[in-house]
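Undergrad: In case you want the letters, here they are:
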Amino acid sequence: MKKEDTVKLISAEGFEFVIDKKAAMVSQTIRNMLTSPVSFAETEHGEVTFPEISTTILEKICQYFYWSLQYASGKETEFHIEPELTLELIMAADYLHT
Amino acid sequence: MGGACSRKRDQQVNEDNLNRGVSGRYTKSGSSKWLGTSFSRASMDPSQGKQSCPSLMDLCICKIREDLNKYSTFSMLPRDISQQIFDDLVCSQRLTDSVLEAFRDCALQDLNLGEYPGFNDSWMDIVSSQGSSLLSVDLSGSDVTDSGLIFLKDCKNLQALNFNYCDQISDKGLEQITGLSNLTTLSFKRNNLITAQGISSLSGLINLVKLDLERCPKIQGGLIHLKGLAKLESLNVNCCNCITDADMKALSGLTSLNSLQIASSKVTDNGVSFLRDLNKLALLNMEGCPVSAACLESLTALDALLFLNLSRCNLTDDGCEKFSKLQSLKVLNLGFNEISGAILVHLKGLTNLESLNLDSCRINDEGMVHLAGLSRLKCLELSDTEVGSSGLRHLSGRARARMTERASEKGLSKDNSKSQRSDCHTSGLLNLESLNLSFTVVTDGGLKKLSGLSSLKSLNLDARQITDAGLAVLTNLTGLTHLDLFGARITDSGTNYLKSFKNLRSLEICGGGLTDAGVKNIKDLTSLTLLNLSQNHHLTDKSLESISGLTQLVSLNVSNSRVTSAGLQHLKTLKNLKSLTLESCKVTAADIKKLQSSDLPNLVSFRPE
Numbered sequence: 001m002k003k004e005d006t007v008k009l010i011s012a013e014g015f016e017f018v019i020d021k022k023a024a025m026v027s028q029t030i031r032n033m034l035t036s037p038v039s040f041a042e043t044e045h046g047e048v049t050f051p052e053i054s055t056t057i058l059e060k061i062c063q064y065f066y067w068s069l070q071y072a073s074g075k076e077t078e079f080h081i082e083p084e085l086t087l088e089l090i091m092a093a094d095y096l097h098t
Numbered sequence: 001m002g003g004a005c006s007r008k009r010d011q012q013v014n015e016d017n018l019n020r021g022v023s024g025r026y027t028k029s030g031s032s033k034w035l036g037t038s039f040s041r042a043s044m045d046p047s048q049g050k051q052s053c054p055s056l057m058d059l060c061i062c063k064i065r066e067d068l069n070k071y072s073t074f075s076m077l078p079r080d081i082s083q084q085i086f087d088d089l090v091c092s093q094r095l096t097d098s099v100l101e102a103f104r105d106c107a108l109q110d111l112n113l114g115e116y117p118g119f120n121d122s123w124m125d126i127v128s129s130q131g132s133s134l135l136s137v138d139l140s141g142s143d144v145t146d147s148g149l150i151f152l153k154d155c156k157n158l159q160a161l162n163f164n165y166c167d168q169i170s171d172k173g174l175e176q177i178t179g180l181s182n183l184t185t186l187s188f189k190r191n192n193l194i195t196a197q198g199i200s201s202l203s204g205l206i207n208l209v210k211l212d213l214e215r216c217p218k219i220q221g222g223l224i225h226l227k228g229l230a231k232l233e234s235l236n237v238n239c240c241n242c243i244t245d246a247d248m249k250a251l252s253g254l255t256s257l258n259s260l261q262i263a264s265s266k267v268t269d270n271g272v273s274f275l276r277d278l279n280k281l282a283l284l285n286m287e288g289c290p291v292s293a294a295c296l297e298s299l300t301a302l303d304a305l306l307f308l309n310l311s312r313c314n315l316t317d318d319g320c321e322k323f324s325k326l327q328s329l330k331v332l333n334l335g336f337n338e339i340s341g342a343i344l345v346h347l348k349g350l351t352n353l354e355s356l357n358l359d360s361c362r363i364n365d366e367g368m369v370h371l372a373g374l375s376r377l378k379c380l381e382l383s384d385t386e387v388g389s390s391g392l393r394h395l396s397g398r399a400r401a402r403m404t405e406r407a408s409e410k411g412l413s414k415d416n417s418k419s420q421r422s423d424c425h426t427s428g429l430l431n432l433e434s435l436n437l438s439f440t441v442v443t444d445g446g447l448k449k450l451s452g453l454s455s456l457k458s459l460n461l462d463a464r465q466i467t468d469a470g471l472a473v474l475t476n477l478t479g480l481t482h483l484d485l486f487g488a489r490i491t492d493s494g495t496n497y498l499k500s501f502k503n504l505r506s507l508e509i510c511g512g513g514l515t516d517a518g519v520k521n522i523k524d525l526t527s528l529t530l531l532n533l534s535q536n537h538h539l540t541d542k543s544l545e546s547i548s549g550l551t552q553l554v555s556l557n558v559s560n561s562r563v564t565s566a567g568l569q570h571l572k573t574l575k576n577l578k579s580l581t582l583e584s585c586k587v588t589a590a591d592i593k594k595l596q597s598s599d600l601p602n603l604v605s606f607r608p609e
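Top to bottom, those sequences are chains Z and D. Per the UniProt record's numbering, residue 1 is the first one in the first sequence, and the count goes up by one each step. Per the UniProt record's numbering, residue 1 is the first one in the second sequence, and the count goes up by one each step.
Hints were generated in silico from the structure; no laboratory data involved. Hints are supplied without guarantee of correctness; some may be wrong.
[Claimed, not checked] Here are the computed lysine-lysine pairs in the DSS-like style, where the Cα-Cα straight-line distance is at most 30 Å:
no., chain 1, residue 1, chain 2, residue 2
1, D, Lys499, D, Lys578
2, Z, Lys75, D, Lys499
3, D, Lys542, D, Lys594
4, D, Lys578, Z, Lys75
5, Z, Lys75, D, Lys63
6, D, Lys520, D, Lys575
7, Z, Lys75, D, Lys575
Predicted model, so just to flag it, every value in this text is computed and none were measured.
Please put together the full structure from these sequences, using the hints given.
TA: So, in structure tokens, the structure goes:
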């Protein structure tokens, strides 16, 4: 992956996830942050920090982004969610508008 | 976290309960449906959204639904999220007493529990725990009693309350809501217990904007208590046959009223006279009222009046000249009256008319010429009249006014008064989108006159004298989306012409003349969402094979044919199908149920059942 095509998502614990920009833009919130002319506190140099999203949840979200791209291209599979993650995940999904 | 994107509140209390397909018990009154049919049906099809990728929110909500017993409370979630979970559980009918507990103190705003099975007083505790967050509650069709309504006292910000069809709520229940001064919408259709006494409890609800008391038979004399509701804009007392002229007098000062429905009441011309100062009135429904055309005198000053329903009023021609004064009218329903074509001249000047209903009136070709200038007309109902091919001539119009050739050659353009007009006819009803000619005397030849009306989207030609030849002359109406040929004598050869109607969404051919070969001709009409081929006794399973490609179908009827269970396999592809009717065929309810569970998840209604 070329650097220009990626973004770095950073969790509350400081864990860094480098993913394709295309995947990250599945989230309307991230899309707005990256394309807005106004700079956001969380966004700098293609890096977005989420002080309120834990590593496990952020990892799951990144999995969802890629799953979503795959689904849209025609490969429809099931997206598994561990039951203990559901409530935290739904709150993060709401925040990320995804 | 959370709260960054707040949910848009599109969940208004909906007294028609269109969102749940299950309710068969309660049908809308014919009268309050009239507005929906006043305009072209073309604009009212269910949208066919393609399956897009589920959002993570959707996936999580689905997961919660699967693991419901794991959650004792959702109160830690932001309200927007718990609201979405709640709505999902209502929609999927997974809400029970115990599950409901999880929604205590969630600060929910909208509880749409209309006709939800099992909803009774014991649930009202959870409802009231939403406290001042609660904005709307729909408890229609439930077993909630007067005591249950006591719980609403804690919901001081309630704006919308719906307890339609609640058989156990009486005047006592209304006493409990007198303090809900933020109420703007209140609806309790079909309540047999509430009397004028109960209506008096509403007199302090000064913020009421919309009040629906349709089919309440005991409220006579009660409207007097609404006198102080200065903000009231919409009042529905349709089918309250106890409503009289005195009740109209009580409304005479409510000048904010823009919508008033008093169908099937006992209001007479005298009662209508009390409405003369309601200068904001835009909609007036008097269907089935014992009025005459004399009442129009009281309406002539109402220059905001757009919609007027006087169907089934036993109107005669007497006094109909007064129609000419109602210049603002957009929609006029005069169906099922004893009026003749002689009154049409009085409608000539109503150039704002977009919809005109003359169903079952004694109209014939004479007088149709007066409709020719109604160029804004989009919808025309002529079902069960004596209109024929000659009358249609006036709808299609002829050439515009022309100067004679001699005058233009001589260059007399300066002095137009010298020019000779050769033709004074209008260009026809070029905006007409919907035309109903069922049970008229129009013939195949007459249909030629319609070929110029390219704006036509919906056409009803349900008449036994219409044949394949009639279809042949309509093939250039490529904008057609709805075509009803129910009893017309269409055979296989006629179906060839249907290929021109590539945008067709709804088609009905039930005259008995079709075979499998004819059905083959419609297999490429892939926009079809409704198809009715019932009573074509020669159709076999082969027809279902032709239909299998019509994957947008939502409703299919092939009753009274030779279709068998063996043919059901061809319907597996119809994933959008919601309604299937195969009565009097060699098909059992069990067969259809099997099809439903294995392949057609959206099928909610089928016959035989």
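Undergrad: If you check each hint against the structure, which ones fail?
TA: 2
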